[in-house]
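Protein chains: 2
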Amino acid sequence: MSLLVTGSIGIDTVKTPYGISENCLGGSAIYFSMAASFFSPVRLIGVIGADCPFDLAKVFTDRDVDLTGLEIRNNSKTFRWKGSYYSTMNEAITDEVKLNVLAEAPPTVPAEYKDSKFVFLANTAPVLQNQLLEQMESPVFVAADTMNCWIHGHRDDLESLLKKIDCLIINEDEARMLAASSNLIRAGEKILEMGPGVVIIKKGESGSMMCETGGERFILPSYPAAEVKDPTGAGDSFAGALMGYLASRRGGSKTDFGSLKTAIVYGTVAASFAIAEFSLQGLTSISKADIEGRFKTLQKLTQF
Amino acid sequence: MSLLVTGSIGIDTVKTPYGISENCLGGSAIYFSMAASFFSPVRLIGVIGADCPFDLAKVFTDRDVDLTGLEIRNNSKTFRWKGSYYSTMNEAITDEVKLNVLAEAPPTVPAEYKDSKFVFLANTAPVLQNQLLEQMESPVFVAADTMNCWIHGHRDDLESLLKKIDCLIINEDEARMLAASSNLIRAGEKILEMGPGVVIIKKGESGSMMCETGGERFILPSYPAAEVKDPTGAGDSFAGALMGYLASRRGGSKTDFGSLKTAIVYGTVAASFAIAEFSLQGLTSISKADIEGRFKTLQKLTQF
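Just so you know, the sequences run in chain order A and B. Counting in the working numbering, the final residue of the first sequence is number 328, and the numbers go up one at a time with none missing. Counting in the working numbering, the final residue of the second sequence is number 328, and the numbers go up one at a time with none missing.
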């Protein structure tokens, strides 16, 4: 079934203990689309300026990523982010951010995208996430991400969004903040009460956990990656493979718990490849068979 | 098969966001024995002063814990520890420590303990761990714990110990320190090269991982505990149930990887009970059936 993503497209400069990657392609919609495209066609919505040095059609060559929703604004500049990771690389320190075109009006949803069934609203102001979601005719499964500044400063918009989505995919610190609970199990349960039927909490190197309103729970460690060169895009790659897998199932209108578990395993595997190299290289250098291989390895590593 | 533990017996005062527990029974040998006794008879070696207000025979009533190796020194004082846990309770802050009897000569191994087959050397100076181990006649499986001050200040003794033991059970920060590697997978592999056939790395709320020289790996999340009142003793309870299970198997002279995996699951479950209440209450208030119940729950939560 059709899968749509709205999110950022950016020019990133990332420094880690393994080196520096200057002016490379980044952004949530890019990582998401790259990971999702192993499983399902993707419809991308995003906006860039005339200065963007990347030909996205070329970036997604041989992948089924529809760029009808890509808007290029000739008088605007592309979003730029500079960040650094230190020691255990668990957290990005933002050195510089230029919102540029992301501070302007958001892109609109093309008419041919409005029937999308699976929708991922990457992290941005919840008022925009709400506006984008309202343009969808009959989505089957909507997931969203958010972050600390929206939890603190735009709580009403976020609470309104949470009532309309099926799944929140969120970092552990942000889950604690949103739920005002230091215990993650409690935090997950409190967020379920805010609206979404499923909450997936990402814990970085420590894996992820999922809870849903029926009382089912799932916990999965991260893939034990010996190579971590650049954690940028891990969360969006996770969400991309997860949503791509859900959208790929035959007649998959129902997101049963078993499928959600499998989707989280694929998300975890995609994230493990994304962080192994700088920028998108970890995802562009692999095949679907590599993903299936690590799926089986993760199964072997965790089952008893 | 026979299981022996040598470790501390202490009088603890612990402060957490849930309250304070003053002058309660603690120490690695106590938590270990309590958790191990659900699975196997335990032989305890430890030393206390005349001031110790606890009757250990009463503490272990109805549990098969042999106290022949308990030494009471009339002119000495019992080990005392005061610590606090804050917010996420991932780390204990030591407020006060009085080594007292632990700074004196270590206890000796009673003649009737020397044939012990499974041995756990709880955290102490590696020179003492070496001396205790030398008194064993033909141990089958020896596991040890250690900590930062021995890694930094007593490296030679520790390296000598690592060549003689089968399994090191260690915290993640200490694993990184010992191996001089920020990546935990690499750290585990480097520690294997130092001697032990099995390395188990405890990651607190994030679970644990195990690696062994044959190349097998296992990763397990922690039990998702909604109640965490006092994390003291979590690691020793983990080791206790783990070693207790291994020692309990019929004719279990071989510690195959499947058994080690099951042992880690039991260790994880025992730790989840230990941290639910102050001091030993989390372990003394449950039955073997409670442990089996959480074993099955953890299976359901993690299998896909």
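Note that these hints are calculated values from the structure, not bench results. The structure presented is a predicted model; accordingly, all values stated were derived computationally and were not measured. Treat the hints with care, since some could be wrong.
Just so you know, same-sequence chains aren't split out, so a pair can sit in one copy or run between any two.
[Said to hold, decoys possible] Quick list of in silico lysine-lysine cross-link-like pairs, DSS-like style, CA-CA up to 30 angstroms:
no. : residue 1 : residue 2
1   : Lys141    : Lys187
2   : Lys324    : Lys187
3   : Lys39     : Lys214
4   : Lys324    : Lys214
5   : Lys320    : Lys214
6   : Lys138    : Lys39
7   : Lys39     : Lys324
8   : Lys122    : Lys106
9   : Lys312    : Lys324
10  : Lys312    : Lys138
Hints, verified against the model:
1. Lys141 to Lys187: within (18 angstroms within a copy, 59 angstroms between copies)
2. Lys324 to Lys187: The answer is between: 29 angstroms across copies meets 30 angstroms, while 38 angstroms in one copy does not.
3. Lys39 to Lys214: Between copies only: 27 angstroms across chains, 36 angstroms inside a chain, cut-off 30 angstroms.
4. Lys324 to Lys214: between (33 angstroms within a copy, 22 angstroms between copies)
5. Lys320 to Lys214: between (33 angstroms within a copy, 25 angstroms between copies)
6. Lys138 to Lys39: neither (39 angstroms within a copy, 56 angstroms between copies)
7. Lys39 to Lys324: neither (34 angstroms within a copy, 40 angstroms between copies)
8. Lys122 to Lys106: within (9 angstroms within a copy, 49 angstroms between copies)
9. Lys312 to Lys324: Result: close both inside a copy and across copies, 19 angstroms intra and 28 angstroms inter.
10. Lys312 to Lys138: Within. Shortest intra-copy distance 29 angstroms satisfies the 30 angstroms Cα cut-off; inter-copy 56 angstroms does not.
The structure shown violates the earlier hints numbered 6 and 7.
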